[in-house]
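*Asks:* Residue strings, one per chain:
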Amino acid sequence: MGGVKQFLSHFFVTGPFEIGGDVSIGLVSLAILFVLTRYKLWGWLWRNWLTSVDHKKIGIMYMLAALLMLFRGGVDALMIRTQLALPNSQFLGAEHYDQIFTTHGTIMILFMAMPFIFAMMNIVVPLQLGARDVAFPYLNAISFWLFFFGAMLLNISFVIGGSPDAGWVNYPPLAELQFSPGPGDNFYLLSILISGIGSVATGINFLVTILKMRAPGMSLMKMPMFSWAVFATCIDIIFAFPALTIALGLEFADRILGAHFFTLNGGGNPMMYVNLFWMWGHPEVYIVILPAFGIYSEVVATFSRKRLFGYTAMVTSLLLIAIASYFVWLHHFFTMGAGADVNTFFAIASMFIAIPTGVKIFNWLFTMFRGRIRMTIPMMWVIAFIPNFVIGGSTGVMLAAAPADYQYHNSYFLVAHFHQVLIGGVVYGMLAGMYYWWPKMFGFILEERFAKWGFWLFNIGFYVCFMPQYPLGLMGMTRRMYTYPAGLGWSSLNMISTVGAFVMGIGFIFIVLNIVSSIRHPVKDTTGDPWDARTLEWSLPSPAPHYNFARIPVIDSRDQWWEMKQKGMTKPDDSTPLAPIHMPKNSGKPFIMGVLFFIAGFGFVFNWYVLAGLGLLGVVITLFARSFDYDTDYYIPVDEVKHSEAAFGRS
Amino acid sequence: MAVDVDHSVVKSADHGTMLEYSTEDGALKILGFWFFLAQDMILFACLFATYLILHNRTAGGPSAMQLFDVPGFAAETFILLTSSFTYGIATFQMRNNRLKSMLIWMGITVLLGLSFVSLELKEFITYVLQGATISRSAFLSAFFTLVGTHGLHVTLGIFWMISVMIQLVKRGLTPVTARKAFIVGLYWHFLDVIWVFIFTVVYLTGVMK
Amino acid sequence: MTDKDQTIVTAGGHGRFPWSHVIGYIFSLVLTLVALLMVINHVASGGMLLFVILLLATIQIFIQLFFFMHITEKHGPAYHIITLAVALFFTFAIIAGSLWIMTFTQLSS
Ligand code: HEM
Ligand SMILES: [Cu+2]
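As you go down the protein sequences, you meet chains A, B and C in turn. Numbering-wise (numbering that gives the first Met the number 0), the first sequence opens with residue 0 and increments by one. Numbering-wise (numbering that gives the first Met the number 0), the second sequence opens with residue 0 and increments by one. Numbering-wise (numbering that gives the first Met the number 0), the third sequence opens with residue 0 and increments by one.
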């Protein structure tokens, strides 16, 4: 009995926050179970969503997950800021504080930003290219479920076993078994390893899609800018993620096999981890920002009613950034002191990236210049992004000056820098994309009143929260300190920053309200082209039919749909006869594989190797079962296509 | 997949047809697999980099020079090189539409693969029995992980090959089975390349004076 | 660049005897053997020897790619070749970069 009790008290984390977490998780799960059962929705959920291989549905699931994670990460952020609002605060205590900033960072980068860009990629790219799905729809579903169950694995750590607390970068030797015993750190490693497999698969999937599945006539230089951005991102994904896999895999080997890669004894070298981690880490920040750049390009062109300025320069910059971002990783550890030659090379390489980035900023400005600008919600997010990124980029260049970085490194100056680019760049971009493509996803437009409140509160809150952090950093406040004494002159700036954080929180609530109220009083998008936009996705009805295009369009210009409208067309050419459409069948295996990976991961976290082995075996069996399954696709007959096109008022 | 199957069979430059490329889907998957290999190359690059950084850090334990046994790793190398060749022949037979002979060559490849894996296991066990385990030193951690990751790839490849052979027996040479066989081949030859580098960077430099 | 060009170019996939495979095999055997013998008989000093055996290994990449992996076959533009070239370049960057960056710790240990 005593043993069981002891086990349980280690297994379930106990403490006021955790019990609060337990209760809320329990309540939400019960509510979900209740609604699904009460309205007999289980079958619907399974058939339409969990087994779906439709890129649009997968994209929507990614987006919902990302918003949920934005909420969880946001709550973490508010707790951090509450702790720091006053000097000598004991609100969280050191241990909780460490756990919370660790999960905050991990969730925001890997389980919020990543799924959000995957959401946009999935929803938009095939539609923009005139394709009926991605190249490998089944693999796409696997990617999603690996991400999803990876994210779940990290999230349960809060109530089961204990959260990781070695920072989102998880540096050794702190993250080694010696200093971080217990399952917390394993949760970090396994959740990212599992979702990382999915990310690489997505990278490959979209590269093939973009290279091989463009509609006839769409040469690469006629491809919409968002798809170009996704292309550049995917290059970074497939060449950067392996480095993360190795860094985390080797650290995991240290922890479970007693290896000595990054330990202090046995000849290990902790800095090798840092080296590998940033070999992924720097490209990663571009993996998340490039799709946002793509969204800005689409939105700016649409709402300025102009062709995107400097298309070729934009493409060149994207590719330059994608490649160059691979050669700057050392700027995250200048202070290791690798030597003047090494630091100089990486400092110059880092500053170089500012050039193509600047080119893009100017191109957006020139697109707006003399355009007939419409101040819609997506456009407001874009315009707000520009000053943000100018500041974030400039502070980046300051940080990239190696000798100066010895001062800035790991101070609040750095914290302010990366939030400026990640929030002001990535989150603003994703929100712009969400507002812009929402009608395409769901068939109705998000209303503007709450949206504007959300926008202004979030944007003002952002500056109030993060501007004080630059001087705080220069005044010597380092990151990851859980409290500070009074009398250092930091107190009022910290208080202001916390107020700003809560204003952002209120802004987020307005965005949620905005979505809820729009669902209750939807403004239907009947035309499929509510913004009078330029690219192919807007030639389809909203939401798009599951086969996307009844007839694959033939492309002759860059802004194909815009040019068609100029010629007086209001819908795609429907003079050619319809043909049966070849589609992939839904499958439950990706979901099951996600569950099995989750089981294996959970087993490894607690060193229960039998469970882990069973989970992995299950994964392998599912893989082979798929390989032997030849009944994977079907044809939609012409009649059915006709019927559903007629329902959209088309033929 | 969502692309319509292109029923016109693609002709190769000289004559005959290449089943594995004959459908749009097959061509997409082959390209996707090349991208996967590019990704895997980076994975191994990171392991090689780690090995190179750590290979002198023996922490007082055995060094490469003391452990490695020339006949042993030479045998592994020649077996794997040969298996790459035999799979090449299997692909050749496939292209000539000779299923039976293709299966025989694939079978030979599987056997060679198995003997490679058993030799490697034997090598590992010998080291472990001498106390040279993964937790002995940074050098050994890096060694076992790099070579072991390759070994795991090979093991997976063997199972995969067998599964493709079963599908070939059941369904004959179709665009789908041909594509699968071709892709396993790419994987197998790729592992051979990686091994050549393990042979050179780990073993040969390890025994170099 | 367009995808119009969907023809496939093969590298000797057909015929009665797999000449190219046999040649590739012989090449790979010889290159491996040469490297092995050079090391066993230490025909040169460390740095030089290292350079030569790495060169031999690099040649083997191309042997596998051309004789066994049919890299010249393509279906549309040769995207896979470009990707492999980029991957090789990054591989070099990772290994050379790591060595360059991390050697300072070698000195200090
Ligand atoms: C002109 C472009 C940029 C330059 C020159 C630059 C430079 C730097 C430098 C030198 C550091 C390390 C500072 C230190 O640790 O002392 C850094 C940190 C960081 N940057 Fe940037 N940056 C740029 C753009 C971006 C963008 C676009 C993003 C993300 C979208 C980003 C995200 C980050 C993050 C997340 C960190 C901190 C990671 C951590 O230590 O936890 N940066 N940046
Ligand atoms: Cu960076």
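Please note that a few of the clues may not be correct.
Said to hold, decoys possible - Cut-off 30 angstroms, straight-line C-alpha distance, at most; resulting in silico cross-link-like pairs (DSSO-like, lysine-lysine):
no.	chain 1	residue 1	chain 2	residue 2
1	A	Lys-570	A	Lys-523
2	B	Lys-121	A	Lys-588
3	A	Lys-305	A	Lys-566
4	A	Lys-588	A	Lys-39
5	A	Lys-584	B	Lys-169
6	A	Lys-588	A	Lys-305
In short, the hints are calculated from the structure, not lab data.
*Asks:* Does each hint fit the structure? Answer for all of them.
*Replies:* To see whether the hints hold, each was checked on the structure:
With a C-alpha separation of about 18 angstroms, the suggested pair Lys-570 (chain A) and Lys-523 (chain A) falls inside the 30 angstroms cut-off, and the hint holds. Restraint check: the Cα-Cα separation between Lys-121 (chain B) and Lys-588 (chain A) comes to about 37 angstroms, which exceeds 30 angstroms; the hinted pair is violated. The suggested pairing of Lys-305 (chain A) with Lys-566 (chain A) holds, with an alpha-carbon distance near 16 angstroms, which does not exceed 30 angstroms. A hinted pair counts as satisfied when its Cα atoms are at most 30 angstroms apart, and Lys-588 (chain A) with Lys-39 (chain A) qualifies at roughly 23 angstroms.
Between the alpha carbons of Lys-584 (chain A) and Lys-169 (chain B) the distance comes to roughly 23 angstroms, so the proposed pair stays at or under 30 angstroms and holds. A threshold of 30 angstroms between alpha carbons decides the hint, and for Lys-588 (chain A) with Lys-305 (chain A) the separation of about 45 angstroms lies outside it, so the pair is violated.
Violation of the numbered hints given earlier is confined to hints 2 and 6; the remaining hints are satisfied by the structure.
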